[in-house]
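Novice: One letter stands for each residue in the lines below.
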Amino acid sequence: MTDATTTAIPGNLTAEGTKKRFKVKGSVIVMTLYLLFLMLPIYWLLNMSLKTNTEILGAFSLWPRNLTLENYATILTDASWYMGYVNSLIYVLINTVISISVALPAAYAFSRYSFMGDKHLFFWLLTNRMAPPAVFALPFFQLYSSVGLFDTHIAVALAHCLFNVPLAVWILEGFMRGVPKEIDETAYLDGYSFGRFFVKIFMPLVASGIGVAAFFCFMFSWVELLLSRTLTSVDAKPIAATMTRTVGAAGVDWGVLAAAGVLTIVPGALVIYFVRNYIAKGFALGRV
Amino acid sequence: MDKTVNQKAWFLVLPVLLLVAFSAVIPLMTVVNYSVQDTFGNNQFFWAGLAWFEDLLESERMWDALQRQMIFSAIILAIEVPLGIFVALNMPKKGFWASFCLVVMSLPLLIPWNVVGTIWQIFGRVDIGLLGYTLDALGISYNYTQDFFAAWTTLIVMDVWHWTSLVALLAYAGLQSIPDAYYQAAKIDQASRWAVFRFIELPKMMGVLMIAILLRFMDSFMIYTEPFVVTGGGPGNATTFLSIDLVKMALGQFDLGPAAAFSLMYFLVILLISWVFYTVMVNLDKRES
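Each protein sequence line maps, in turn, to chains A and B. In this text, residue positions in the first sequence follow this note's numbering: the first is 40, and each later residue adds one. In this text, residue positions in the second sequence follow this note's numbering: the first is 212, and each later residue adds one.
Errors might be hidden in some of the hints.
What the hints assert, rightly or not - If you only want the chain B side, here are some residues facing chain A, beta carbon under 7 Å, derived:
#  : residue
1  : N217
2  : I322
3  : L380
4  : P414
5  : M417
6  : L420
7  : Y435
8  : T436
9  : Q464
10 : F478
11 : V480
12 : L483
13 : M492
14 : N494
To be verified - Distance condition first, Cα-Cα at most 27 Å in a straight line; then the derived DSSO-like pairs of lysine-lysine:
#  : chain 1 : residue 1 : chain 2 : residue 2
15 : B       : K305      : B       : K398
16 : B       : K398      : A       : K64
17 : A       : K158      : B       : K214
18 : B       : K214      : A       : K64
None of these hints come from the bench; they were simulated from the model. All of these numbers come straight from a predicted model, not from anything done at the bench. Glycine included, C-beta positions come from ideal geometry on N, C-alpha and C.
Same shape as in the complex, but just chain A:
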C-alpha cells in the first residue's frame, strides 16, 4: 500500500502530476539561488588567492587571468606563516583528545544513571558552552600567565575546554541514550568488567557519536580566535592571529591573505562529506 502510493507520484501523468513537477522546479530555483549566495563569497576568496597583487588591484576580473600559485607558495615556505597552521593544529588536537576522553565517561554516567545533582551539573555544563569568550579573555590571560603557561599550546587547549568539554558531553549523551540499556546489563551478566565493556562493546556502538563529537570539538577550537589570540604571543600563535597581524602591516597583501583564508577552510572541507548528516545534530548538541 505505501509502496504503491510512493512510487505512483513521479510517474503520475494526471493534472496533479504536472502541478507537482512545476513545484519541484520552483524549489530547484530557490535552492540554486541560495547555494549561489553561499558560494559566491567563497569563490571570490579563491579567485583572489590565485591572482597576483598587481592583478587584484589592477583590472577587475571575475576569474584569474594569469593563474598563479605564488600566494600559496609564500605561505607554505615561510615559517612565520605556516607555523600558524602547525600551532593551531597542535592545540586543536590536544583539545580534542582531552575533551573526548573526559567527556566519554561523563556522558555515559549522564545517559545511564541518575545521581545527586545530575540535572544541575548538566545545566551548568550547558551554561559553559554558552559562555561568551569575551567574558573569559582577561581572567584566562591572568590565570595562565600566573601559572607560567602563557603562550603555550596547552594553555589554549585548556581554555577551549571551557566550551568543548560541555559540547562533547552533550553530544555524546545524545548518542548514548539511543543505545539500549539491555546491552550493558547483558555484558555485565556475561562477566565483563566496566572498563572492558566500555572499551570493547560500548565504544564501538557509539563510534559515530564519538566521531561527530570529535569533529565538533575540532571545529569549534579551530574557528575560535579571541581566546587563542589573547593567550599567545609568538610560540603558539594561531593562524587566525597571524592573519590579522599581517593585514595591518605595511599595506595589505590581499593575495596572501586570501590564500591563507582558503587554507583555513581546507580541514573543514575535507571531512564535510562524511559528517553531512550529523551537522544539524552536532550543532543541536546531539538533540535532533
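Once you've looked at the hints, dock chain B against the given chain A.
Specialist: Then chain B, alone, in the frame of chain A:
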C-alpha cells in the same frame, strides 16, 4: 529511558567537573573579585563595594552597546528563521542532490570566524570585492567602513550568509522525521500547501526550531570576531556590540573593575537564556521517549 540511581556515577563525571571548574569557576571568581575592587596599579586593590555595578547601570556606553546588540540579534533572527525554514522546505528529500545541498550548506558553518570576516571584508570592498564593485557600478554609494547603514547591512548579510544554513539544516532534520503517512492523510483531505505547513510541518518542527532560535540568539549575542574583522566596531561606535565593547574595556583599556561588572551582567543574561534553552531541551527529550 528510566535511569538507575547510582551515586558512584559521580566518579565518572569527576574529570569533567574538575576540568571545567578549572577553566570556568576560577576565571569567574577572578571576575567577581575585580568587580568589587578598585586599583591604582601596582597590584594594590581596595574594596569598592557595588560602585562599579552602580556606574554600569548609569553608563550610557553599556546601554548603547546592549541596545545595538538587541537590535542586531532581533534583525538576525527575523531574517534567518523564516529564510531557514523556507530553504529547508525547498531542499531535496533524498538522493545525490540532498547530499550535495547538505555539503554546500554546511561549508559556511565550518569556516573560521575571522576568515568569515575576511571574506566579507574583501567581498564588500569597492575596489577589489565583487559585491562592493557591483554596487558601485550600479551607482549605489556603499562603504562599510564609513557609512552607518552600509556597515550594518554588511554585518547582517554576512551573518545571514554564515548562519542561515544552521537554521535550515535543523528545520530540515525536523522535516525528515515526519512520516509519509501524515502527508498522505493531508492529500486525502485535500489540504492546501499552507495548511500542510501550518498543521503538519510547523508543529513537528517546533522542537528543533526552538533549538535553532535559541542557538542563533545565543551566538549572535556573543558575536565578536566577524564584526571585529570587518568594521572593528565602527564607523564610530555604530557596530560596537557587547563583546567588542567588553574586550575594548578589559584588554584595551585595562579597566578591570568596570569590565568585570560588565562581564557579570553579560553572564547573567546568558545564564537566563541558557535556562530557557535547557528547559526546551529537556522537554524535547521527554517527548522523544
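Novice: Next, verify each hint and record whether it holds.
Specialist: Hints, verified against the model:
Using the Cβ-Cβ criterion of 7 Å, the hint placing N217 of chain B at the interface with chain A is satisfied: the shortest such distance is roughly 4 Å. Hint status for I322 of chain B relative to chain A: holds, with the closest Cβ pair at about 5 Å, below 7 Å. Checking L380 of chain B against chain A: minimum C-beta separation of about 4 Å stays under 7 Å; hint holds. Evaluation of the P414 of chain B hint against chain A yields a violated restraint, the C-beta minimum of about 16 Å exceeding 7 Å.
The beta carbon of M417 of chain B comes no nearer than 13 Å to any beta carbon in chain A, farther than 7 Å, and the hint placing it at the interface is violated. A hinted interface residue such as L420 of chain B counts as satisfied when its beta carbon comes closer than 7 Å to some beta carbon of chain A; here the least separation is about 11 Å, so the hint is violated. Look at Y435 of chain B: its Cβ gets to within about 6 Å of chain A, closer than 7 Å, so that hint holds up. Taken as an interface hint, T436 of chain B checks out: its beta carbon lies about 5 Å from the nearest beta carbon of chain A, inside 7 Å.
A least Cβ separation of about 11 Å between Q464 of chain B and chain A goes past the 7 Å threshold, and the interface hint is therefore violated. Of the supplied interface hints, the one on F478 of chain B holds, with its beta-carbon coming within about 6 Å of a beta-carbon of chain A, less than 7 Å. For V480 of chain B, the interface hint is violated, the least distance from its beta-carbon to any beta-carbon of chain A being 9 Å, above 7 Å. Because the closest C-beta pair between L483 of chain B and chain A is about 10 Å apart, greater than 7 Å, the hint is violated.
Because the smallest distance between the Cβ of M492 of chain B and any Cβ of chain A comes to about 6 Å, under 7 Å, the interface hint for this residue holds. A distance limit of 7 Å between C-beta atoms decides the matter here; for N494 of chain B the minimum to chain A is near 11 Å, and the interface restraint is violated. Proposed proximity of K305 of chain B and K398 of chain B is supported: the alpha carbons are some 21 Å apart, at most 27 Å. Proposed proximity of K398 of chain B and K64 of chain A is supported: the alpha carbons are some 20 Å apart, at most 27 Å.
At most 27 Å may separate the alpha-carbon atoms for a hinted pair to count; K158 of chain A and K214 of chain B meet this at roughly 13 Å. Of the supplied pair hints, the one linking K214 of chain B and K64 of chain A is violated, its CA atoms being roughly 49 Å apart against a limit of 27 Å.
The structure does not agree with the numbered hints 4, 5, 6, 9, 11, 12, 14, 18 stated previously, though it agrees with the rest.
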